[in-house]
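Trainee: Chain by chain, the residues:
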Amino acid sequence: MSLIITDVSFNYGERIILHDFSLEVTTGTTTAVVAPSGSGKSTLLRIVAGLLKPTTGIIILDERNITHTPTHQRSVGMVFQDNQLFPHLNVHDNVAFGLKVSKMNQRDINSRCHELLELVGLGDVMRQSVATLSGGESKRVALARALAPSPRVLLLDEPLTGLDQELHDRLAQDLHQILHLTNTTALLVTHDLSEAKVISDSIHHLQ
Amino acid sequence: MRLRSTSPFAIPAVILVLIAAVIPLIVLSASVISGADVVSIWSKSSVQRALIFSTWQALLSTALTICLGLPTTWFLSRYDFFGRQVFMALVTVTFVLPTVAVGAAFLALLPKGLHHSTMAIVIAHAFFNISIVVRTVGPRWNSVDDRLIDCAQTLGASPLHIWKSIILPLGKSAILSSAALTFFMCFTSYGIISILGGPGLATLDIEIYRRAVQLGDLSGAAILAVAQMLLIATIFFIWSRGRTSELISFRSQTLNPQKLPLGPKCFLLGVAAFFVAPVLALIASSLRTGRSWSLAGWRVLLGMQNQKGIEIDTWQALQTSAKYSLIAAGIALPTGIAATYAFSNRQSANRQLSTLTILPLAISPVVIGLAILITYDFDPFDFRSSWLLIPIIHSAIALPFVIRAALPVVQGIPNDLRLAAATLGAGPWRRLLTVEIPLLRPAISTGFAFSLAMSLGEFGATSFLTRRESRTLPIIIAGLFGRAGEIPRATGMAASVVLILVTAMIVLSVDRKSYS
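Read top to bottom, the protein sequences are chains A and B. Sequential numbering of the first sequence, starting at 1, is according to this note's numbering. Sequential numbering of the second sequence, starting at 1, is according to this note's numbering.
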């Protein structure tokens, strides 16, 4: 098992957002958590990423208890709902961000960026400003950026929201393929069951 | 309902700027061009010293302002905490406080060993200019999405790395703008230096005044003034070129309701103390002569006690200051708001006119004062002796503030609202009275308060044009600190207390929303 979430709860004041949630994600597979909006899906991902502290519960990643580990030391990648590309960096530098943090040398950074942008089908926009990208291209850059540092687990927060149906379906297929090609362990949250079926290997319904 | 061309609304503002800045600056420049010797002045040691001191004290002041201003800005623009509104009000007030009175406040606060030192000047400059950093960088940092920072964390970036690679680069152009503006304010500092400066601590503006008024070397002063103007224009040109390359658009975010951590809380308390302590020390100092408590300063100020060598008519000075500031605000407000209607319409002619109206703010008041002294000193313009000239200059200096306060408000009034009023039968005057003016109320009150405050504290240009029988409070304060003895000093402190409190009350009386 790569990611083990055990009895995680999260309260916001009096309000219970998550209650005793448990889930296991096997190495190299994608698990989808499907639930309607407002049911705490994004909260779950933010807890796994370390952006929120759970009220109770334990998170184990590759046999290491990371419940209290700061986000930047967890080795998790995350694709945000609205991409959150760094507006002051071009496509290449967005993808290179996590690699620079890990102090990789420039030649390796360039080749890894090239490899990932080719993988997501954006080899030719490397030096473009992110402001010039279409919605679909932005999603692909966000995915390449999150995959670049080879995280132990990739978290996908409604990654295909806001795209038209045709693009949505194409990207869902591509995403499934890319996650398999890179043998990535991924946790996807979505409200869309059909999307979950295309992208993931197993589905968990959140009550 | 909108006029095809709104440019005519800008005419009064343009005339004001022409009279108060453009014509005098042209005449000043022409006097330099026709002058014989523009080189030898630079070999004078006092000029060289002033140039070097202006530059390095401005660099130090800018560095301290940015160091204190950036963390202050980050916490103010990201966190919602108890006392935030009060803090924002403090930030707003410090920027418009009269420079000579603030100089006096730092004399009262700092130990004697630091009086008339570079350190005192640098600290006082930071007191004023932190506001520029908060105002310029704050909106930019407020618009940085929290999730962008979350995203950087998930990519392995530590807090320090996030500052280096996300927060500072996203604020870069605003930080550079605020640094350039702070440098300009400190380089052309005059009121602060008049009080806290001393031998070897004179800026170029002080040297210009000394040459023009004390040495009678008008042509030397004019050469320095034009050189300073060109230097500042070059800095602003380079700065504005840098700004146009920015492509990123920003949306403001709601403030983080999370509790402010203890470290930032202590830092902000320290900055608040830095803002308040000089004023408290000033009040205490006004109640002392030498080592004992005494009301002598206040008695002399209020005319209840005569002091040899001090002949001040406080009532007259207050009347003069009030008269000038009311006239200045009375001119700047309608002129500025009318011009705002022109500038809210993005025609290229309006953009150029808009740049022109910033001119009085982009030129040092000392240079404006000198230019006016030279320009209006001969027929047919011999109205230098007219008292009306000072409030006209003040109104031109206040004009950019009025326009800045009014522009977002005017741009925010939907044209459909005017159309709706018209379809309901309202004529132009009724629309003005029942739609435009009520909606403009926050801009009117902010513009009015800032114009009053600017005029009350204006010292640079006024010091060139003032007459013995019509001295304003800042002029009287500077005069008192130029005299030896404990009682003149206590009287100067008391007058500074009056000026600071009046200015603060005026600015704080404005609707809180206008500055928070």
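In case anyone wonders, no lab produced these hints; they're calculated from the structure. Certain hints may be false.
Restricting the straight-line Cα-Cα distance to at most 25 Å, the calculated cross-link-like pairs of lysine to any residue (SDA-like) are [as the list claims (entries may be wrong)]:
#1 B:259 / A:23
#2 B:164 / A:9
#3 B:259 / A:103
#4 B:164 / A:29
#5 A:103 / B:159
#6 B:172 / A:52
#7 B:164 / A:90
#8 A:53 / B:80
#9 B:259 / A:101
#10 B:164 / A:124
#11 A:53 / B:172
#12 A:100 / B:80
#13 A:53 / B:169
#14 A:103 / B:80
#15 B:259 / A:100
#16 A:100 / B:167
#17 A:53 / B:167
#18 A:100 / B:255
#19 B:172 / A:82
Reference listing, derived: stretches of chain A covered by chain B, where coverage requires no fewer than 3 residues with Cβ under 8 Å from a Cβ of chain B [said to hold, decoys possible]:
#20 54-67
#21 165-177
#22 183-194
The beta carbon of each residue, even a glycine, is placed where N, CA and C say it ideally should be.
Trainee: Can you confirm whether the C-alpha distance between residue 53 of chain A and residue 169 of chain B stays at or below 25 Å?
Mentor: 29 Å, violated
Trainee: Need the status of pair residue 259 of chain B, residue 100 of chain A: alpha-carbon distance at most 25 Å?
Mentor: Violated, at about 32 Å.
Trainee: Is residue 103 of chain A within 25 Å of residue 80 of chain B, Cα to Cα?
Mentor: 36 Å, violated
Trainee: Are residue 164 of chain B and residue 9 of chain A close enough, with their CA atoms no more than 25 Å apart?
Mentor: Violated - the C-alpha atoms of residue 9 of chain A and residue 164 of chain B are around 34 Å apart, more than 25 Å.
Trainee: With the threshold set at 25 Å, check whether the alpha-carbon distance from residue 164 of chain B to residue 29 of chain A stays at or below it.
Mentor: Distance of about 35 Å is beyond 25 Å: violated.
Trainee: For the pair supplied as a hint, residue 164 of chain B and residue 124 of chain A, is the alpha-carbon distance within the 25 Å limit?
Mentor: Distance of about 29 Å is beyond 25 Å: violated.
Trainee: Going straight from one Cα to the other, do residue 172 of chain B and residue 82 of chain A come out at no more than 25 Å?
Mentor: 24 Å, holds
Trainee: Residue 259 of chain B and residue 103 of chain A were given as a pair; does the straight-line alpha-carbon distance stay at or below 25 Å?
Mentor: Distance ~33 Å between residue 259 of chain B and residue 103 of chain A Cα, so the pair is violated.
Trainee: Need the status of pair residue 100 of chain A, residue 167 of chain B: alpha-carbon distance at most 25 Å?
Mentor: Measuring from Cα to Cα gives roughly 17 Å; hence the hint holds.
Trainee: Quickly compare the C-alpha distance for residue 103 of chain A and residue 159 of chain B to 25 Å and report which way the hint goes.
Mentor: 16 Å, holds
Trainee: Has the given pair, residue 53 of chain A with residue 80 of chain B, been kept, meaning a C-alpha gap of at most 25 Å?
Mentor: Distance ~21 Å between residue 53 of chain A and residue 80 of chain B Cα, so the pair holds.
Trainee: Just to be careful, I want the Cα atoms of residue 259 of chain B and residue 23 of chain A compared with a cutoff of 25 Å; is the pair within it?
Mentor: 32 Å, violated
Checked against the numbered hints above, the structure breaks hints 1, 2, 3, 4, 6, 9, 10, 11, 12, 13, 14, 15, 18, 20, 21 and 22 and satisfies the rest.
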